[in-house]
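Construct the complete structure from the given sequences, taking the supplied hints into account.
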Amino acid sequence: MTDVRLLLPAADLRTALGADPSAALDDMLASVAAGTTTLARTFPAAARRTARGPFGDGDGHRIEDAVRVELIATAATDLGPEALLDELTLLYRHGDADEKRAVLHALAGIDDPRVDGSALLLDALRTNDVRLVAAAMGPHASRLSAHDWRHGVLKCLFVGVPLSAVADLRTRADDELVAMVGRFSDERRAAGRPVPDDARTVLAMSAPDPTATAPEG
Amino acid sequence: MRIFDPHIHMTSRTTDDYERMHAAGVRAVVEPAFWLGQPRTNVGSFTDYFDALVGWERFRAAQFGITHHCTIALNPKEANDPRCVGVLDVLERYLGKDGVVAVGEIGFDSMGEAEEEAFRRQLALAVEFALPAMVHTPHRDKEGGTARTLELVEESGIDPGMVVVDHLNELTVGPVDERGCWMGFSIYPDTKMDPQRMVRILQDRGTERVLVNSAADWGRSDPLLTRVTADAMLAAGFSDDDVDTVMWRNPVEFFGQSGRLLLDGESDGADLRSPATFEGNSVLRGEPVA
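Residue numbers (the UniProt record's numbering), protein chains in the order written: chain A, 1 to 217; chain B, 1 to 290.
Do not rely on the hints blindly, as some may be mistaken.
With beta-carbon atoms standing in for the labels, derived distance ranges [said to hold, decoys possible]:
no., chain 1, residue 1, chain 2, residue 2, range
1, A, G160, B, V90, 32 to 38 Å
2, B, G86, A, D27, 30 to 36 Å
3, B, V90, A, A34, 26 to 32 Å
4, A, M1, B, R83, 41 to 47 Å
5, A, M1, B, N42, 37 to 43 Å
6, B, R179, A, D27, 35 to 41 Å
7, B, Q203, A, R93, 46 to 52 Å
Output of the computed footprint for chain A on chain B, the stretches with three or more beta carbons under 8 Å from beta carbons of chain A [unchecked claim]:
no., region
8, 52-60
9, 88-98
20 Å max Cα-Cα, derived SDA-like pairs, lysine to any residue [as the list claims (entries may be wrong)]:
no., chain 1, residue 1, chain 2, residue 2
10, A, K155, B, Q63
11, A, K155, B, R60
12, A, K155, B, W56
Since the hints were made in silico from the structure, they are not lab data. Using N, Cα and C, we set each Cβ at its ideal position, and we do this for glycine too.
As structure tokens, this is what we get:
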């Protein structure tokens, strides 16, 4: 089995859902656990069988994402790390944007180093769908190379994803990231466009030596 | 005025169109999977297209305050290409998804055997997935194609109320109406149907089971002709309520039969956590993120 941290505590999610949608969720979980249905079948229908919309916790979590992550967590109790990654890859590959986002949130709750979903994160970072970009930069982005992670941060700034969505920003930001954000900010100023507050936050994180040439990671 | 365009190929349109559509009152659309002008040569080309319809295009529309749905199918123009028949085997992946509100466009183009086989199989999928079917009628020999279409619909056992037969005109509307199917009309700048002819058909037959669309795509077409038609209805003496029936409530009723609508905008302040707002369809609010 592989542990998947829930997006929202199970009790809180059920309080938000109310009686009938909670029963529908528990029914789906029981079927997945018993093997009478598959994640592939329950995943697309999960939102319409329960609910969708903001959870209202100030963190931007969505109810349908929490429902889908809980389905994955239940399936993962029967799956080794490799099988879980295969399952997540299929769900992502065949998912619509909402399903893809839920897979990314599930990856964010997997600490097991044997599960490396970085290929899915890179796919999400290739899109311009800000919901996918944001979800890709959670804790699982620790698997990304320094180069890819920095470009993920820069993409967030570029498409307007708040950097609060980026896990480990303060501990992972390095001089090269600050230099990249510096060049991004210079371009914005040259174009007469405002520099986002989040860019200023990164610029304040360290003062790179202007004579040093940072290596590409 | 609120408008639901039940047939428009937004993949082929620009963001300027989304802005103009929103300004004209368009708040929801259905984009049927169809031909791209250039024939495709493999199944993967279709799945990338379907993925865009349930992914990027839905997101793009939401940026402009428009709720995007789609229909998924192997279209008639490519159903007779052996390189593409494998598409029929991957459709089930998509037909269970939210926002996929029908199997379509299916139907005839050249009326060949392969087209008929694909048509039958996809009508059966509509029955299996409890989805409506959107049926294209051919540009050439529209009368013959419509007659054969209605025979296949009857053979399939699908409820006629779950079928819209599209691109109709004065000559083909009668048999479709008699069969109890929904009647789709595509308003084009210079072919198919125009706003004045559409108004006359509505005067003759009333507003029941009528869907009016722009069918705008990569060809010469105009995504605002739904609004022009609505204005023509008002000028001809139809009431605001009649216009709302044709331009909003009818498509909501027809596609609502899927249980997969993602309606936005008509229920500001509604509790988004409620799973049921209109006949089992849930509400997804477009998030202003750009």
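Quick rundown of the hints versus the structure:
1. A:G160 <-> B:V90: 32 to 38 Å: 34 Å, holds
2. B:G86 <-> A:D27: 30 to 36 Å: Roughly 35 Å apart at Cβ, these two residues keep to the hinted range, so it holds.
3. B:V90 <-> A:A34: 26 to 32 Å: Holds - the Cβ-Cβ distance for V90 of chain B and A34 of chain A, about 28 Å, lies within 26 to 32 Å.
4. A:M1 <-> B:R83: 41 to 47 Å: 43 Å, holds
5. A:M1 <-> B:N42: 37 to 43 Å: 39 Å, holds
6. B:R179 <-> A:D27: 35 to 41 Å: Roughly 39 Å apart at Cβ, these two residues keep to the hinted range, so it holds.
7. B:Q203 <-> A:R93: 46 to 52 Å: With Cβ atoms ~50 Å apart, the hint holds.
8. 52-60: Per the Cβ count (5), the hint holds.
9. 88-98: The restraint on the region 88-98 of chain B holds, since 4 of its residues have a Cβ under 8 Å from chain A and three suffice.
10. A:K155 <-> B:Q63: 18 Å, holds
11. A:K155 <-> B:R60: 18 Å, holds
12. A:K155 <-> B:W56: 17 Å, holds
Hint check: no violations occur; every hint is consistent with the structure.
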